[in-house]
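Respectively, the protein sequence lines represent chains V and Z.
Count along the first sequence from 1, add 486, and you get the number used in the working numbering.
Count along the second sequence from 1, add 486, and you get the number used in the working numbering.
Because the hints were derived from the structure by calculation, they are not lab data.
Since we're looking at a predicted model, the values are computed, not measured.
Take these hints with a grain of salt, some might be off.
Given that identical chains are not distinguished, each listed pair holds provided it fits within a single copy or across any two copies.
To be verified - List time: in silico DMTMM-like cross-link candidates among lysine to aspartate or glutamate, alpha-carbon distance up to 20 Å: (1) Lys666 - Glu565; (2) Lys547 - Glu644; (3) Lys798 - Glu635; (4) Lys493 - Glu706; (5) Lys493 - Asp703; (6) Lys547 - Glu705.
Chain by chain, the residues run as shown.
There are 2 protein chains.
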Amino acid sequence: MLVERNKILTETIIRLMRRGSVARLAKIISKVHAADLPAVFSSLSVSNQRKLFQLIHDSEKKGFVVSELDEDISLNIIEGLSLEELAEIIENMPSDDSVAFIRMLPQDKADAVLGMMKKTESEEVEGLLQYKDDTAGSIMIPDFIALKENMTAKDVIESLQSKEYLDVEMPFYIYVVDEKERLVGVSSLRQFVVVPSSTPLHNFMMKEVISVTTDMDQEEVAKIVARYNILAVPVVDEDEKMVGIVTVDDVIDVFREEATEDILKMAGVGEEFVETKSIGRSTRIRLPWLFASFLGGIIAIFIIGYFEESLKQVSYLALFIPVIMGMGGNIGIQSSTIVVRGIATGRINIRDLWSVVSKELAIGIILGVFYGVLLGTLVQFRYSIDVAISVAIGVVSSMTVAALVGSFMPMMFARIHIDPAVATGPFVTSSIDILSVLIYFQVATILLGI
Amino acid sequence: MLVERNKILTETIIRLMRRGSVARLAKIISKVHAADLPAVFSSLSVSNQRKLFQLIHDSEKKGFVVSELDEDISLNIIEGLSLEELAEIIENMPSDDSVAFIRMLPQDKADAVLGMMKKTESEEVEGLLQYKDDTAGSIMIPDFIALKENMTAKDVIESLQSKEYLDVEMPFYIYVVDEKERLVGVSSLRQFVVVPSSTPLHNFMMKEVISVTTDMDQEEVAKIVARYNILAVPVVDEDEKMVGIVTVDDVIDVFREEATEDILKMAGVGEEFVETKSIGRSTRIRLPWLFASFLGGIIAIFIIGYFEESLKQVSYLALFIPVIMGMGGNIGIQSSTIVVRGIATGRINIRDLWSVVSKELAIGIILGVFYGVLLGTLVQFRYSIDVAISVAIGVVSSMTVAALVGSFMPMMFARIHIDPAVATGPFVTSSIDILSVLIYFQVATILLGI
Chain V
487 MLVERNKILT ETIIRLMRRG SVARLAKIIS KVHAADLPAV FSSLSVSNQR KLFQLIHDSE
547 KKGFVVSELD EDISLNIIEG LSLEELAEII ENMPSDDSVA FIRMLPQDKA DAVLGMMKKT
607 ESEEVEGLLQ YKDDTAGSIM IPDFIALKEN MTAKDVIESL QSKEYLDVEM PFYIYVVDEK
667 ERLVGVSSLR QFVVVPSSTP LHNFMMKEVI SVTTDMDQEE VAKIVARYNI LAVPVVDEDE
727 KMVGIVTVDD VIDVFREEAT EDILKMAGVG EEFVETKSIG RSTRIRLPWL FASFLGGIIA
787 IFIIGYFEES LKQVSYLALF IPVIMGMGGN IGIQSSTIVV RGIATGRINI RDLWSVVSKE
847 LAIGIILGVF YGVLLGTLVQ FRYSIDVAIS VAIGVVSSMT VAALVGSFMP MMFARIHIDP
907 AVATGPFVTS SIDILSVLIY FQVATILLGI
Chain Z
487 MLVERNKILT ETIIRLMRRG SVARLAKIIS KVHAADLPAV FSSLSVSNQR KLFQLIHDSE
547 KKGFVVSELD EDISLNIIEG LSLEELAEII ENMPSDDSVA FIRMLPQDKA DAVLGMMKKT
607 ESEEVEGLLQ YKDDTAGSIM IPDFIALKEN MTAKDVIESL QSKEYLDVEM PFYIYVVDEK
667 ERLVGVSSLR QFVVVPSSTP LHNFMMKEVI SVTTDMDQEE VAKIVARYNI LAVPVVDEDE
727 KMVGIVTVDD VIDVFREEAT EDILKMAGVG EEFVETKSIG RSTRIRLPWL FASFLGGIIA
787 IFIIGYFEES LKQVSYLALF IPVIMGMGGN IGIQSSTIVV RGIATGRINI RDLWSVVSKE
847 LAIGIILGVF YGVLLGTLVQ FRYSIDVAIS VAIGVVSSMT VAALVGSFMP MMFARIHIDP
907 AVATGPFVTS SIDILSVLIY FQVATILLGI
């Protein structure tokens, strides 16, 4: 349905752009929900992206669209905008988005734009810019409702009607702070319609507040919001002063981003999504990741080269290289994927190294014996029983080693604080390839006495 | 931090269980947040899981814990519970969780438990049970606030204080329905503190409401909630009558589940997370997925067998099988992963088949030429120039074909409504293995004249 809707909107806009019906385009764009526009942009040519963007009249809508677009499309559009236009767009964005947006700009442009913005706005943004990327500080919103605990329900409702809080994006929780702005409690907006109006905040606020620190990794923050099913989590600085909130909509984005990153890393394609980038850039990003595999291949050349004399005598040994490598590679990917995803979702505890690895090892042996015996049985119809046994042992050992390496490597990496997703993909498959080939030829030459 | 916290809690509980300090355990459990308990259970033995569960006294906490646990742990705990206990736990769960919970029970137990529940509760659950798994209907909550449009802000606040709505889990939106219960508008709780109390709902409600239907796939629902940054989306039945809401916390779960499913499918390990299952069950789930790879290996045996005479003459041809297969396999995984994830996140439009595939093809050729020339250069130091050229062409064609197959297959599958994630993993890698080996030997025999 969402796909259908995108499709119709995109086709209509492309048709109108081709015809140059500017007035009709502007009308459609003013009516359509801002959230429906980013999908349209990714189907347009570079020059049409800029043209369409100019047809958005509302600055807030512009800001929303540009912050939801893929980075390369945003950059293209930004290049076509004057500093005044940029400043106006940024002023109309929620502050967390404007920070992400300014981070995309080249330094000189960023400084110029900050200089043109209203002072209160630019100070807020500059304050947020000091936090490191991918931390709670970098994704938090500095607008929230924080009141003192001696206020009554009635006072609170009056404050909420004041101008100060009208801009607050997600006014679902009322945070309670002490005289030093330290977080001491929380209440939901809901409470105020059910308690008598003279009740002071400290009588009905919840005193155990879940909070995060500004330097906490965004993935950790997301897990906390998900675990406790809350709509926003307060962020405190090193003095326990409340400085912002991270809202659930950003948490969704974090989870989706992190899942994409993990998937890409596991496949050995860097961590940024490369599809929308140019062919040249994609190639540059993907090239080094293939090097592990190349190096593995070179090592395999030397290993097989070492057995070349045997190969000359028994040339059909080469026939079984692909099946042995393939079976090892595939079970290795299974094991490493299960472990990497298990760690990411919290189903696997990195302390359980031996229980996880030994389980994978057991599964590797069982599946190895199954496929090894199956292959050996087929092979002995055409070749000698010694060949069949060599091939069977090759499959068993390759699959066993693969399950072991595939589960051990990510567990080990996670323990020494290296992202386990990087340990999967090319590195695991290359090491498995090398080990499989080595064991197979070693076993075969011994058994066949060559 | 979250990891630290889990670790300390888990260790404390394990220590106390070993000592049998029941009173202290019960005290800790009553104090701890229910959301912190599931992580503890996964580190306990099967019998200790049941014991610890019995120490939770609050039924609501019991319900929360059991619905957040992995399925095999839940099933273990459920087996140790009487029907009365089950009914009590289910009555204290949010209705979407109780539906998921009853779906796990064997049919006879489910019927018995439904029979023991209060009639209003069991009717609600039975109503939800009719919706198919993974649809909006199956994850929605039937409790929401729906009022008529002629009510004033003051009337609304009074209604909110009534008993009827005290149980509503996420009271952030006030939905407006007509006399036939059809959805006509929405307002946020926020509005009521800012509008004059005599204003009728229809004056300040938003008339364009984003809604979903009961049969919509949960992934689609999640994408809508994420796209429009809303906290809950109303669900309507075929008569446009509003029947429930899907809340943002469930949306987070959907995204995480779907990402895990995609990752597992891409690695060829089914779609359910198998780590926590027994070795026997894991093995059974993983075994068939390896068959594609096995079959691919058998086909490769025949292909190389076909060239056995050539191999006897030029035995070192076998040395390059691993590097050619490995390079093809890895770039194939890159391409298919980018396409599968791109489709899932909406960055790739399945209508753009040719532009996506031709881009991947171009990248495959560039990277293929790079690594092919590199390998050829190295090879010609030891072997003849003809061998070097054969190997180089082998790498180029293997990588080109891999990028083509790896991007084309998932795009094609998505178009004919087969999950593209299934098209990745074992199937793609096996076909690439076969094609690579075939092209390499074909080229080599022609060039070397054997």
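Hints and how they fare:
{"no.": "1", "hint": "Lys666 - Glu565", "verdict": "neither (44 Å within a copy, 52 Å between copies)"}
{"no.": "2", "hint": "Lys547 - Glu644", "verdict": "neither (30 Å within a copy, 36 Å between copies)"}
{"no.": "3", "hint": "Lys798 - Glu635", "verdict": "neither (86 Å within a copy, 88 Å between copies)"}
{"no.": "4", "hint": "Lys493 - Glu706", "verdict": "between (36 Å within a copy, 15 Å between copies)"}
{"no.": "5", "hint": "Lys493 - Asp703", "verdict": "between (37 Å within a copy, 18 Å between copies)"}
{"no.": "6", "hint": "Lys547 - Glu705", "verdict": "neither (28 Å within a copy, 26 Å between copies)"}
Hint check: violations occur at hints 1, 2, 3 and 6; the rest are consistent with the structure.
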